[in-house]
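Colleague: For the protein sequence lines, the chains are A, B and C, in the order given. When we follow my numbering, the leftmost residue of the first sequence carries the number 1, and every step to the right adds one. When we follow my numbering, the leftmost residue of the second sequence carries the number 1, and every step to the right adds one. When we follow my numbering, the leftmost residue of the third sequence carries the number 1, and every step to the right adds one.
Calculated directly from the structure, the hints in this document are not laboratory data. Where hints are given, some of them may not hold.
[What the hints assert, rightly or not] Simulated DEER-style distance windows between Cβ atoms:
1) B/Arg55 with C/Gly97: 20 to 26 Å
2) A/Glu5 with C/Ala233: 47 to 53 Å
3) C/His55 with B/Leu83: 53 to 59 Å
4) A/Gly61 with B/Ala35: 55 to 61 Å
5) B/Val309 with C/Gly97: 23 to 29 Å
6) B/Leu83 with A/Ala59: 53 to 59 Å
7) B/Gly132 with C/Arg244: 33 to 39 Å
[Said to hold, decoys possible] Quick list of in silico lysine-lysine cross-link-like pairs, DSS-like style, CA-CA up to 25 Å:
8) B/Lys60 with C/Lys172
9) B/Lys247 with B/Lys272
10) B/Lys54 with C/Lys172
11) C/Lys172 with C/Lys111
[To be verified] One side only, chain A facing chain C, incomplete, derived with CB under 7 Å:
12) Cys53
13) Leu74
14) Pro84
15) Val88
These numbers were taken from a predicted model, which means no experiment stands behind them. Ideal Cβ positions, reconstructed from N, Cα and C, are used throughout, including at glycine.
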Amino acid sequence: MTTIEPMIEVDGVSKWFGDLVAVSDISFEVGPGVTALLGPNGAGKSTILRMLCGLTGPARGTVRVLGGDPRRDLGLARHIGLVPQQEVTFETLTAFEFVRLAAVLHGLGHPDGAAALALGVVELDPADRRPTSTYSKGMRQRVKVAQAIVHQPHVIVLDEPLTGLDPRQRLHMINLFQRLGEDGRCVIVSSHVLDEVERFGSRVLVMVQGRLAAEGDFHAIRELMDDRPHRVRVRSDRPRVLATALLDAEAALAVRLEGADTVIVDTDQVARFRRCVAAAAQRSDAHLWEVTPLDDDLESVFRYLVGR
Amino acid sequence: MTNPTTDPTTDLSAPGTARILDRGYRPYEGPRRGARGAMRSLIRHSVQRVLGLKRNVWTKVLPFLTIFFAYVPAIVFVGVAVLLKDRFATEGVDINDVLPSYGEYYLFIWAAIEVFAAFSAPEVLCTDRRTGMIGLYLASPLRRDTYLMAKAAAVGFVLSIVTLGPPLFMLIARTIAGVGPDGVGGFVAVAWRVVVAGIIAAVLPLAMTLAIASTTTRRAAASAAFILISLGSIVVTEALINAGGSKTLFVFNLPYLPIELVARLFGEPAGKIWSSSASVPTSSLVIAYLVFTALCALFVRTRYQRIRVTR
Amino acid sequence: MTEIRAPRRHPTPRTPGAVMSLYRLMLTSQVTRTRVIGLSALGLVSVFVGFAIGHAHLHDALRQGTRFINGFGLSLLVPVATLVFASASLGDPNEDGTLVYLWLRPVARAKIVAAAALASFTVTWPIVTIPLVISAALTGGGRSLVVGTVAGVTVSMVAYIGLFVALGLRVKRATVWGLLYIFVWEGFVATGNNTASRLAVRTYARSVLSHITGETFRVTDIASPWRWLVPVAVALVALAYATRRLSRQDVA
Numbered sequence: 001m002t003t004i005e006p007m008i009e010v011d012g013v014s015k016w017f018g019d020l021v022a023v024s025d026i027s028f029e030v031g032p033g034v035t036a037l038l039g040p041n042g043a044g045k046s047t048i049l050r051m052l053c054g055l056t057g058p059a060r061g062t063v064r065v066l067g068g069d070p071r072r073d074l075g076l077a078r079h080i081g082l083v084p085q086q087e088v089t090f091e092t093l094t095a096f097e098f099v100r101l102a103a104v105l106h107g108l109g110h111p112d113g114a115a116a117l118a119l120g121v122v123e124l125d126p127a128d129r130r131p132t133s134t135y136s137k138g139m140r141q142r143v144k145v146a147q148a149i150v151h152q153p154h155v156i157v158l159d160e161p162l163t164g165l166d167p168r169q170r171l172h173m174i175n176l177f178q179r180l181g182e183d184g185r186c187v188i189v190s191s192h193v194l195d196e197v198e199r200f201g202s203r204v205l206v207m208v209q210g211r212l213a214a215e216g217d218f219h220a221i222r223e224l225m226d227d228r229p230h231r232v233r234v235r236s237d238r239p240r241v242l243a244t245a246l247l248d249a250e251a252a253l254a255v256r257l258e259g260a261d262t263v264i265v266d267t268d269q270v271a272r273f274r275r276c277v278a279a280a281a282q283r284s285d286a287h288l289w290e291v292t293p294l295d296d297d298l299e300s301v302f303r304y305l306v307g308r
Numbered sequence: 001m002t003n004p005t006t007d008p009t010t011d012l013s014a015p016g017t018a019r020i021l022d023r024g025y026r027p028y029e030g031p032r033r034g035a036r037g038a039m040r041s042l043i044r045h046s047v048q049r050v051l052g053l054k055r056n057v058w059t060k061v062l063p064f065l066t067i068f069f070a071y072v073p074a075i076v077f078v079g080v081a082v083l084l085k086d087r088f089a090t091e092g093v094d095i096n097d098v099l100p101s102y103g104e105y106y107l108f109i110w111a112a113i114e115v116f117a118a119f120s121a122p123e124v125l126c127t128d129r130r131t132g133m134i135g136l137y138l139a140s141p142l143r144r145d146t147y148l149m150a151k152a153a154a155v156g157f158v159l160s161i162v163t164l165g166p167p168l169f170m171l172i173a174r175t176i177a178g179v180g181p182d183g184v185g186g187f188v189a190v191a192w193r194v195v196v197a198g199i200i201a202a203v204l205p206l207a208m209t210l211a212i213a214s215t216t217t218r219r220a221a222a223s224a225a226f227i228l229i230s231l232g233s234i235v236v237t238e239a240l241i242n243a244g245g246s247k248t249l250f251v252f253n254l255p256y257l258p259i260e261l262v263a264r265l266f267g268e269p270a271g272k273i274w275s276s277s278a279s280v281p282t283s284s285l286v287i288a289y290l291v292f293t294a295l296c297a298l299f300v301r302t303r304y305q306r307i308r309v310t311r
Numbered sequence: 001m002t003e004i005r006a007p008r009r010h011p012t013p014r015t016p017g018a019v020m021s022l023y024r025l026m027l028t029s030q031v032t033r034t035r036v037i038g039l040s041a042l043g044l045v046s047v048f049v050g051f052a053i054g055h056a057h058l059h060d061a062l063r064q065g066t067r068f069i070n071g072f073g074l075s076l077l078v079p080v081a082t083l084v085f086a087s088a089s090l091g092d093p094n095e096d097g098t099l100v101y102l103w104l105r106p107v108a109r110a111k112i113v114a115a116a117a118l119a120s121f122t123v124t125w126p127i128v129t130i131p132l133v134i135s136a137a138l139t140g141g142g143r144s145l146v147v148g149t150v151a152g153v154t155v156s157m158v159a160y161i162g163l164f165v166a167l168g169l170r171v172k173r174a175t176v177w178g179l180l181y182i183f184v185w186e187g188f189v190a191t192g193n194n195t196a197s198r199l200a201v202r203t204y205a206r207s208v209l210s211h212i213t214g215e216t217f218r219v220t221d222i223a224s225p226w227r228w229l230v231p232v233a234v235a236l237v238a239l240a241y242a243t244r245r246l247s248r249q250d251v252a
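For reference, chain A alone in the conformation it holds in the complex:
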């Protein structure tokens, strides 16, 4: 087994503003690939992202990015790209000038070429002479992504990067983030659009009220939620008999019949249910047409974690 060295290490980090505890004793590690940071408003997501970039320091604990302290190590900025939450950009500059400025400040040898390339990646025209103040929200968002990747950073932090984008651009951005993750970069994305976050990949960090509620593959997180029965839809030609068989086999906590061919099963033992369902169908002389988990998606995981 190969051990992947973490690119981000957060250890026992807390942060408070006056009486408000924004982040409380959080520890996690993130390696290459796309990781989604989830949580309701005010959960402390933006504070964590700002700490990863060194924009604010932790009140307690340590944040290491690529082995360095992002707050003190100026050279580390060369390897970090940030798409901040705020919409505003330098309003007098064109998109090209804005991204070129980022390239110059990162000391790139060919800032013009790098800026044009980055703008091309987000499907913006480098020759557009309009200042960014005239851009739509979605276009500004793409400019912000371009300035964050122009220097090809190892760690890319994106705070709500999909806001304001149309569906096609969302898809384009999701593909871009996936590509960057597949290249071995550490891409950390916060977003509220859960069905799209699900497409980034399955690794998530879930924050609730300033604390880390869960981390890892969200399917695995769901598996660990013993206190929440899993809900599965089973379609069959003999749903009533099948439901009884599942209860007899102690593979279901509760069953509910829906329509002529559907039974909704609540179970707290998914593995046992998986093993039993086919056997139960066979014993009942029933045909199985469909077995679909109903709360195995990210949204359900998120709802359970946030709503507890």
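With chain A's structure known, arrange chains B and C on it following the hints.
Modeller: Then chains B and C, alone, in the frame of chain A:
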């Protein structure tokens, strides 16, 4: 219909009884107070904003510091009058001849008036346009004119705290201490002048600060512009008069113009406060005052009629 | 697929052209039409007054001209114009959140502050100095008044730029606090006694003007090297503070 949320007699244990704590958005069904109610509400809110009430401590520093500086001379003069009246009486000196008159008092507080005016109107006008709140206000029964009237009333009220309050305090305190005007007639004669003086000292700065605040959405820029125009007008008119220009140029001295008018209202001789105003007739001062005020008011109204509001 | 290997050491890369790029950015963002028109209009007023003083053929034209340059130029136009531009140079990006695009770059903080100060000087100096010099020339005060104006304006502007760049970074409503400093501290408190007056930039500029024109003012006169050195030192200390502040502050 019984509202289970508020009816304490509801038996929640009864089968089928439920309780909803938050139904989300519901249309307002209470009484509507119309434009007057909206104006009153806007005035109250604007006064609170200028004074920094219900906001953090830093927003209170400037207004209350200014108010403090405006009242300090009045408190000192009243204190001197109360403590030393007997001593002056034994020496046969009228204490009212020793202490500054009501007209002269404004010499001590004109800077406080200017500072207050510089920050108050930008606080209530620029912020609404910058944040888009004006769109919400104008979606209420308020029209542009009533909105402006409410804002002007709020700023005027706040300004009167420093233009009207200290002399009024001085009058009442002196009267209570027995060194005020003689009899009811004397009191009334001074009191109406104090009120009119407070209004004169407030209205021109009010009109100017509203006009300047209507040109920009940045509070700081409006405050800076007001201070520059006010103090600039002092330096420029003095320089022009010293260079042999007509003494009538004094009317362009915008901070001193209302103060000189107030002094004359209290019967101070022309030129006593500022020598450059000596030969300027009161009628010229009054006309200039009214013209400047009207021009500023017209300007701010025109600006607001033309402002594009997104609702 | 290209494999990305994360580096363990993070030397600060060279960033040639960073200061110039920052300088250009701050120049374009500071020069707004409203600011330039407003302050140029005030400059024109000074030209008009200078013309009026000169046209009056006064026997004490130098005295009247010096008083006007001191009262209008050094006490009003220079500090306020410098405040407007210098406090905005880093204050505006700090408030609107664009500072993050400068901060999260491997650029020394001192370079960012230096670019802000340079840009502020580049914008403010001509807007203020040109009309005041024309005004000084028109008053008939002679060459000494013109030279004194340029020197006084430049000396005070250097100090004010340092102070107001730092102020823009330190407080939210920098213009308001700056105005209070200019009019309450420099305009009232510092005119009260000699010790307080030495803590006002205006005193040093006035001393420079007075020394060159030979016209005396009521307030303290500052001895020769100090009237030049103190404003520069004030600027350097203030800019050093701004650099430190920029390195340590939280960025939105």
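Colleague: All hints are to be evaluated individually against the structure, with a verdict given for each.
Modeller: We went through each hint and held it up to the structure:
1. B/Arg55 with C/Gly97: 20 to 26 Å: With Cβ atoms ~22 Å apart, the hint holds.
2. A/Glu5 with C/Ala233: 47 to 53 Å: Cβ of A/Glu5 to Cβ of C/Ala233: about 49 Å, so the range 47 to 53 Å holds.
3. C/His55 with B/Leu83: 53 to 59 Å: holds (54 Å)
4. A/Gly61 with B/Ala35: 55 to 61 Å: Check passed, 56 Å falls within 55 to 61 Å.
5. B/Val309 with C/Gly97: 23 to 29 Å: holds (26 Å)
6. B/Leu83 with A/Ala59: 53 to 59 Å: Once the Cβ atoms are compared, 54 Å apart, the range 53 to 59 Å for A/Ala59 and B/Leu83 holds.
7. B/Gly132 with C/Arg244: 33 to 39 Å: holds (37 Å)
8. B/Lys60 with C/Lys172: holds (15 Å)
9. B/Lys247 with B/Lys272: holds (15 Å)
10. B/Lys54 with C/Lys172: holds (19 Å)
11. C/Lys172 with C/Lys111: Satisfied, since the Cα-Cα distance of roughly 22 Å is no more than 25 Å.
12. Cys53: It holds, given that the least Cβ distance between A/Cys53 and chain C is near 6 Å, below 7 Å.
13. Leu74: With Cβ-Cβ at 5 Å, under 7 Å, it holds.
14. Pro84: holds (5 Å)
15. Val88: Where the cut-off is 7 Å and the nearest Cβ of chain C is about 5 Å from A/Val88, the hint holds.
Every hint, counting from the list given before, is met by this structure.
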